[in-house]
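Number of protein chains: 2
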Amino acid sequence: MKRRRFLQQLTTGLVAGAVASPAIAQSQPTIRWRLACSWPKSLDLLYGTGEAFCKRVSQITDGKFEIQLFAAGELVPALQVMDAVQSGTIECGHTLAAFFFGKNPAYAFDSGVAFGLNARQQNAWQYAGGGMEILREIYKKVGIVQFPCGNVGAQMGGFYRKEINSVEDLKGLKFRIGGLGGVILSKLGVVPQQIAPGEIYPALERGALDAAEWIGPYDDERLGLHKVAKFYYYPGWWEGSAQETLMVNQRAYDPLPQLYKDAIEGAAAEQNVMMIAKYDAKNPEALRRLVAAGVQVRQFPRAILDACYKATFETYDELAAKNEDFKKVYEHWQKFLADSNLWFRVVEANLDNYRFLMSAQR
Amino acid sequence: MKRRRFLQQLTTGLVAGAVASPAIAQSQPTIRWRLACSWPKSLDLLYGTGEAFCKRVSQITDGKFEIQLFAAGELVPALQVMDAVQSGTIECGHTLAAFFFGKNPAYAFDSGVAFGLNARQQNAWQYAGGGMEILREIYKKVGIVQFPCGNVGAQMGGFYRKEINSVEDLKGLKFRIGGLGGVILSKLGVVPQQIAPGEIYPALERGALDAAEWIGPYDDERLGLHKVAKFYYYPGWWEGSAQETLMVNQRAYDPLPQLYKDAIEGAAAEQNVMMIAKYDAKNPEALRRLVAAGVQVRQFPRAILDACYKATFETYDELAAKNEDFKKVYEHWQKFLADSNLWFRVVEANLDNYRFLMSAQR
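Taken in sequence, the protein lines are chains P and G. Using our numbering, read the first sequence as starting at 1 and increasing by one per residue. Using our numbering, read the second sequence as starting at 1 and increasing by one per residue.
Just so you know, these hints were derived from the structure itself, not from any lab. Be careful, since some hints might not be right.
Put simply, identical chains are the same to the list, so a pair is met inside one copy or across any two.
What the hints assert, rightly or not - The calculated BS3-like cross-link candidates involving lysine-lysine, where the alpha carbons are at most 30 Å apart (straight line), are:
1. K335 x K227
2. K171 x K41
3. K335 x K230
4. K103 x K327
5. K328 x K103
6. K162 x K335
7. K174 x K187
Just so we're clear, the structure is a prediction, and the values are computed from it rather than from any experiment.
Start from the sequences and build out the full structure, keeping to the hints where you can.
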């Protein structure tokens, strides 16, 4: 199209807009919300996802729908974000559903569980496999509407003050780990402790913890864990995908104009892909820096993985026997997982493994 | 928040909106655009991505910015979408940049190249590793602004009328494959042919082709390729990630209100994650159906992969020596690839491989 023709069309549009179109500003309310997240500002990729989400919603509503962001502790403590959304103290929160495993173990599937879906599989299950819908039924009971909003990918297995060579070495290990991962590890004698990110470093330093897992190289480096524990293990099998969730109070959400609901849905999905892109771009160089700083990277021995795998599915079966919500989601999820694993193994993993091998030899 | 209190806030907002806020409808023009895509409607996940993109843009602009979608051939043929965007015949297109490898080989990096980044790595490179910016400089020369908008993930290696057991079997093979993959394979004696999806089936049926690759189980099944060629190979090493691109005419884009530019950017990113979620959810069951229909799934022998890997990087080096744009993107991309592969191998692949193995044994 020639520039002149385009400008002509634009001008025609302008006139048509002023005359015939509904006036958005007159029909849409100015709304101010508050979003509390579970992250300190220093964890900039997690906190930054909330920032980018709020910015996008504001942009596409021309500033009519403004959501103000608060870091962990500014309005509510990190681990009370869900309670605050549920009670309506705040309209929405950005957090990890797995933190709230104690309220209802089914929430764990909204983050990703041990030996479960990887980040891509998690999106497939949530968006196109019925996962989001089945979780909505669970969240509805507590008056919350949820949206996937970020993922950090597969995690590292944490920093340890001593080497972990056998299942025996897990016994009595005071380990910072939350939710379902902690329950599973307690079967193997680990003493799990769920504490907020800001408190991990001092606890590890003074020996109140023997080990601590948080996320991966980029964030773990920011918490400074490598300064007080030398051994850095992989993989973080309890979180092959750690998806973050935007939780919205149902009573605040329902009366929103459709336009604003669409803005929330679109912006949350956009940030879902943006967060993991940032982690995937920044983790490699952070791992390199950690290794240069003297960190010893170690792989969990196969015997430990096997023991953990067994304990994991035993735990799922026990939870399913006790909790209807968990059972319902677990059955749906388990079928998806089996089919998806088969497919990913054939194509994605096959090609990736060959590429990674050849790449390391170049 | 109590419902009453929220409604009160909403009402206050409404009043404030009517009085003090800028009237969006009066300041924003009504705009009508046309988007041509390279997909027939029958390839519903590809075509559906364009539909969902147009719908979201309309929704979040309250119907002020309407983009009308056209399937391949309705306005322009599948393989002329980029030309139509460049000339301004249409304002935007949804296509695979690799189709236009002949114009400039650097475009191939916007889709994903042989033994290159997987879908997650591609997003990391594009959004957070500088890839999108460096590609923007290339596209700018032809008056186009591009946005990643969909990905199908690692592909299958296509349907073959006979088994491929050695590098020798590739010689003289009339193979439907486009762009850079075809150039690489021609080094090994393959006769590559780039033809639009609708023409693949008849060509394979009448023997004008010995083999054809398109995407993966879900789409290949729709093209009916398994009815005329029995052997289905993996992995499709020439496209470990096939990212689709939204191409926008720069002269149409530049004068857009910022609000509409933001809507395009956000909706394209949203569809980027949505498309691959759908493929990842639907490919497993499609592969199952194909196998039930008698398709023989085969893995490319290691010797073939090794020959292809060698030919691939030789081709890149040759292209970099001849083409400045290719060289510039290649150097940037290659550094990212090496770092990213190392990281993905340590954590993601390590955990995935263990999970997939155990999952297959359950």
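Among the hints numbered above, which are violated by the structure, and what are their numbers in rising order?
-> Violated hints: 2 and 6; rest satisfied.
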